[in-house]
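Colleague: All chains, please: the whole structure from these sequences, using the hints.
The sequence shown begins at 14 in our numbering and counts up one residue at a time.
By construction, these hints were calculated from the structure, which means they are not laboratory data.
Heads up, some of the hints might be wrong.
[What the hints assert, rightly or not] Listed below are the simulated EDC-like cross-link pairs for lysine to aspartate or glutamate, each with C-alpha atoms no more than 20 Å apart in a straight line:
(1) Lys158 with Asp190
(2) Lys101 with Glu149
(3) Lys203 with Asp141
(4) Lys203 with Glu84
(5) Lys101 with Asp91
(6) Lys101 with Asp90
(7) Lys203 with Asp233
(8) Lys203 with Glu49
(9) Lys158 with Asp199
(10) Lys101 with Asp85
(11) Lys101 with Glu46
(12) Lys101 with Asp82
(13) Lys158 with Glu119
(14) Lys101 with Glu84
(15) Lys203 with Glu176
(16) Lys203 with Glu184
(17) Lys101 with Glu49
(18) Lys203 with Glu149
(19) Lys101 with Glu207
(20) Lys158 with Glu176
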Amino acid sequence: MSQPLFQLSGIERHFALGETTVPALRGVSLSIERGESVAIWGPSGSGKSTLLNLLGLIDAPNAGDLRFDGEDVLALDDDALTDCRNRKIGFVFQGFNLMPVLTALENVMLPLQIRGVATSVARQRASDWLAHVGLERFAAHRPDKLSGGQRQRVAIARALVVEPMLVIADEPTANLDSENSRAVIDLLQKMNQETGVTCVFSTHDPRLLDHVPRHVRLADGLIESDAHPETAS
Numbered sequence: 014m015s016q017p018l019f020q021l022s023g024i025e026r027h028f029a030l031g032e033t034t035v036p037a038l039r040g041v042s043l044s045i046e047r048g049e050s051v052a053i054w055g056p057s058g059s060g061k062s063t064l065l066n067l068l069g070l071i072d073a074p075n076a077g078d079l080r081f082d083g084e085d086v087l088a089l090d091d092d093a094l095t096d097c098r099n100r101k102i103g104f105v106f107q108g109f110n111l112m113p114v115l116t117a118l119e120n121v122m123l124p125l126q127i128r129g130v131a132t133s134v135a136r137q138r139a140s141d142w143l144a145h146v147g148l149e150r151f152a153a154h155r156p157d158k159l160s161g162g163q164r165q166r167v168a169i170a171r172a173l174v175v176e177p178m179l180v181i182a183d184e185p186t187a188n189l190d191s192e193n194s195r196a197v198i199d200l201l202q203k204m205n206q207e208t209g210v211t212c213v214f215s216t217h218d219p220r221l222l223d224h225v226p227r228h229v230r231l232a233d234g235l236i237e238s239d240a241h242p243e244t245a246s
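Modeller: In structure tokens form, the structure reads like this:
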């Protein structure tokens with residue numbers, strides 16, 4: 014049996030607020046298998062973003078053990094962490110984080126070009142991913158000419174174009190209406206099923222969980238429940 018993609022054990026993360034220490038995660042232990050799709054959900058302030066920052070190798074815990082793809086993350090230096098993050102993880106942000114002066118196609122090409130991929134290859138791969146997310150007709154549009162749902166689809170294509178092991182999406186539907194929110198979550202599930210990429214996203218809205226195979230609920234920095242609904246598809 015293959016080892017989990019992520020293994021967290023006894024994770025503690027706290028932040029200083031003046032003279033007070035505020036706990037964000039309290040003894041969290043969690044295993045995420047390769048190819049899983051997992052929703053981290055719970056109210057604001059429950060620790061969702063803190064947990065996703067740890068999974069995305071953006072932050073480090075104060076205590077506990079964190080292993081990603083077989084590596085002890087806490088033993089890696091900054092350069093090794095950056096290399097691991099750039100090669101293996103794609104990010105989708107609630108604010109889209111698209112470059113406003115670039116077209117949709119150019120935004121998707123950007124992470125490939127940063128990696129030194131030839132422009133012709135980057136353009137073809139970006140075009141293919143825009144087609145995957147249903148936006149091939151909008152390749153020449155800049156972000157201000159796209160709807161919120163379309164911009165988030167571009168962001169998903171940009172995250173997936175580098176063929177990561179893991180996609181992290183922190184509240185990817187926070188700025189969308191209910192129809193576009195459902196479409197974005199369904200698209201993430203579709204990409205998970207078609208490519209096998211591990212997908213972890215956070216939300217505060219339980220209505221978005223219907224078709225997600227695994228739901229991890231956080232409350233006050235603790236895992237309150239970890240469910241695999243039989244009705245998920």
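Colleague: Take the hints in turn and mark each one as holding or not.
Modeller: The hints, checked one at a time:
no. : hint               : in the structure
1   : Lys158 with Asp190 : holds (18 Å)
2   : Lys101 with Glu149 : violated (26 Å)
3   : Lys203 with Asp141 : holds (15 Å)
4   : Lys203 with Glu84  : violated (28 Å)
5   : Lys101 with Asp91  : holds (15 Å)
6   : Lys101 with Asp90  : holds (16 Å)
7   : Lys203 with Asp233 : violated (31 Å)
8   : Lys203 with Glu49  : holds (12 Å)
9   : Lys158 with Asp199 : violated (23 Å)
10  : Lys101 with Asp85  : holds (15 Å)
11  : Lys101 with Glu46  : holds (15 Å)
12  : Lys101 with Asp82  : holds (9 Å)
13  : Lys158 with Glu119 : holds (14 Å)
14  : Lys101 with Glu84  : holds (12 Å)
15  : Lys203 with Glu176 : holds (15 Å)
16  : Lys203 with Glu184 : holds (18 Å)
17  : Lys101 with Glu49  : holds (15 Å)
18  : Lys203 with Glu149 : holds (17 Å)
19  : Lys101 with Glu207 : holds (18 Å)
20  : Lys158 with Glu176 : violated (27 Å)
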